[in-house]
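Peer 1: Just so you know, the sequences run in chain order A and B.
For the first sequence, my numbering assigns the number 1 to the initial residue and increments by one for each residue that follows.
For the second sequence, my numbering assigns the number 1001 to the initial residue and increments by one for each residue that follows.
Calculated from the structure, these hints are not laboratory results.
Values in this document were obtained by computation on a predicted structure and should not be read as measured data.
All clues given are correct.
Calculated cross-link-like contacts (lysine-lysine; reagent style DSS-like; alpha-carbon spacing at most 30 Å):
#, chain 1, residue 1, chain 2, residue 2
1, B, Lys1573, B, Lys1638
2, B, Lys1308, B, Lys1341
3, A, Lys235, B, Lys1450
4, B, Lys1573, B, Lys1515
5, B, Lys1406, A, Lys235
6, B, Lys1321, B, Lys1515
A few chain B positions that, by computed beta-carbon distances, are all more than 10 Å from chain A:
#, residue
7, Asn1029
8, Leu1066
9, Gly1177
10, Ile1214
11, Ile1216
12, Glu1252
13, Asp1311
14, Lys1321
15, Val1335
16, Leu1443
17, Ile1495
Ideal Cβ placement from N, Cα and C applies to all residues, glycine included.
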Amino acid sequence: MLAYFLKRLAMAVPVLFGLTIIVFLIMAMIPGDPATAILGAYATPENVERINRQLGLDRSLPEQYFIWLGNLLQGDFGRSYSLNRPVIDEVLERFNATLILAGASLILCTIFGLVAGIISAVRQFGWTDRIVTFFVLIGISMPSFWLGLLLILVFAVNLRWLPPSGMYAIYGGGGPLDLLTHLALPSITLAVVATGVIARLTRAAMLEVLRQDYIRTARAKGLSERRVIYRHAFKAALVSVIPVIGIQAGFVLGGAVYIETVFQWPGIGRMLVQAISTRDLLLVQGGVLVVAASYVLFNLLADMVQHMLDPRLKT
Amino acid sequence: MSTATDTAKPAEPAKKSGRPSFFALLVANRLAAFGLGLLVAIALAALLTPWLPLQPPDITNPANRLLRPLTEGHLLGTDQLGRDLLSRLMWGTRVSIAVGLSATLVAAVVGSAIGLVAGYTGGRTDNLMMRGIDMLMAFPYILLALAIVAVLGPGLMNALYAIAVVNIPFFARNIRGVTLSLAHREFVDAARLSGKGHLRILLTEVLPNVLPVIVITMSTTVGWMILETAGLSFLGLGAQPPLADLGSMLGEGRKLLFNAPHVSIIPGLMIFALVMSINLVGDGIRDVLDPRLKSGALSRPAAATAVKREDVPAMPETSSKAALDVRDLKTEFRVGSDVYKAVGGVSFQLRERECLGLVGESGSGKSVTAMSLLGLVPTPPGRISGGRVLYQGRDLLEASEADLRKLRGGAFAYVFQDPLSTLHPLFTVGDQVTEAIRAHQPLSYREAWKRAVALLEMVRIPNAAERAGSYPHELSGGMRQRVSIAMALANDAEILIADEPTTALDVTVQAQILKLMDALQDDKGAALLFITHDFGVVSEICDRVAVMYAGRIVETGPTDEVLNAPAHPYTRKLIDCVPVLGEPERRLDAIAGLPPAVNRLPQGCAFAERCPYAEAACREGEITLDDLGPGRAVRCIKPLHAETPEAAQ
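Let the sequences and hints guide you as you build the complete structure.
Peer 2: This is the structure:
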């Protein structure tokens, strides 16, 4: 197991390098000349050359990349000009809030997606199945940012049950309970689409598994239907659903951009949107890299869990 | 919308053939029809917007700010600048659809081009391109789009490019897969030999065949792309004022959520309706195209076979001495309007301690017969439509699910054909045997595990205690089948039902398993119903034999009598199929022809078409199973006899 884990971790390294290359190339696509942007249109050629040398822009693209990568590896993501602090500090602080939100959503969508999918498969074509299928369809078609607004209107404005925005109450907040009440609406909103996707796939996987020969064997052994479904069929279905949960982590991390904007959650998504409108590209770059890297790790985790469940993968 | 026009075309010719057309099927699916209607309505409204009697969308009127919906002159109210919301909604919808479709088109063209080239070229180019695509997919979807917008700057066109780029991998992957399978087909090779250039081959030979996949991928991604471009606009990174799409309307309206919610809710509702209608149509198309849905192959099998008997033989006055008495059992499969009579009235008795062989080709209904006994035929599509299964004076076809469960694995135990697919891949074999024990005996897990190890020893698995911790894929085929047998013996079954238990095994292993089953059956005193297509196996293990053809028993009798003097021509042919050691000159006749389809059984004898002795009388009326001496019967109007020269050969 440990050997496999290390191997899998080693395989993630080239992917992480690939991510840095793509981010680097995107950043290199910036239209216009950075030196002119800094010095203005009437800069002398000497000054432009000096700035270019300072920024390392006189070197070849691969050279620039490796210098940049070396800095990244030392934790130097540059300095955010709009916030006037090191990018890495801001990004990690914000990432913490995003992780709480995305983590809560992943837990919600996994639990509700699996339960809805199983019930839907077991009651195939029955009323429960139809209701679940209907809600899944609505869930995956609804713009999450719109759903967030609806939930704020209903639960925060009209019913006044939950706070409409923020992570902690401004006055006298700060406890875990305060966090939970603030977390409820955004995490549910963020989980809806992923719940729908997981429910759909769980239903399909369960139906596929229930037709397998080993399910007939389980029935022929005289096992109760409950045991056939929740032990034999569910475990086999779970193996194929887990990678999908890993992929959903990506959608949840990405979707956090909208949800954090709607609920003013102080996470990395909201930071990115602000950074884009202030053209603070180093901040954008740092944020994108950290989130993308965490997505790779989420998938790694899903892979590990799948591996633990399925002994066939060991060989 | 492309789907709507595409689907309408094939409707005409299909109607003539009598089968429901693609379009008819799509409309028959109520949800898909609703989606299609909604989509067409929105698309029409968006197309006709310039000619509709709407107010200009950009004329501000501060006097009429934030009017509520249903105000006179402003059906949906006005926004913070007093602009008519209905008009803005329609114009915004146009922009959103146009941007979504354009992004889809860009992604489709670029992605398909990458996929075509990668799939067609193969080798290193393919590898390099696909690694790049994988890298793009390692990003959380929206994040990459954000990074691109960050660099290009906010704006509707830039948002369009960003969303298109992010979706390129879906097209590249799908198209590459299809192209790869086409790249070495005959017609492509032929084009290459005829001297056509690569580009021409790609465009004239490969592309037309890949086009359907491109269209399907477009229809599944267009909803997402509309949603995502709206999302970028919502964040203020897409459409910039005064241009407005649905997303930017929603984003601007959000600031007024508390005092004028309609300004943001209405555009959101439109995005929702648009995306949902596209998804509904997409799902509908997928369902119609998936043949498995119609056949019921995607249906969940119930815990027990449905029993709907049209004819039920009378209960016998005296209970027979047989361990199991099957009378006129009928099982059928209903697929669409077809009825497959897999078992068409089978009767046999399994006596105590005996081994009865049920023999026939695949498709003869022998397995279905065995599965029907305890309701293990999947429903849908299967159902038992007649007969009785008598065990200890009870009719098992009347038993409740709970009673059936007690009998399954208890008094009745099954051993199935392929132990790799019939054992659960994710549980250890010891665990699976333990579970079988605990389903019927009140033992703790630990005690049951010990018994399971003892059972594994009994079926002669070496190092049973250690092997119990193995998973099925870690054992050899023979070992796996021993595990299945151990599982069947877990609760001292009175009746063992073995469904081709040796078919998937090597010949040497077959012999070992047969010997083991024979010994264990003697030892435990169980009755054995042994299903096989192989008369060689029958001769080794069975006391009596019943031969099945097209869902019915055609001959039955003691094994040596049937082997030495088969009365039915079909039995004769089956026996001839067995090679005999030391008789290399013996002809191994495969039986010419195929068994009849059980949804269209012919009149008279089902074997007549393949029978060398068939005559006109064979194809008329019902041919009965007639006695032919003690314990023997045959369903043939001119049975073969031992005296005939052919049989003596």
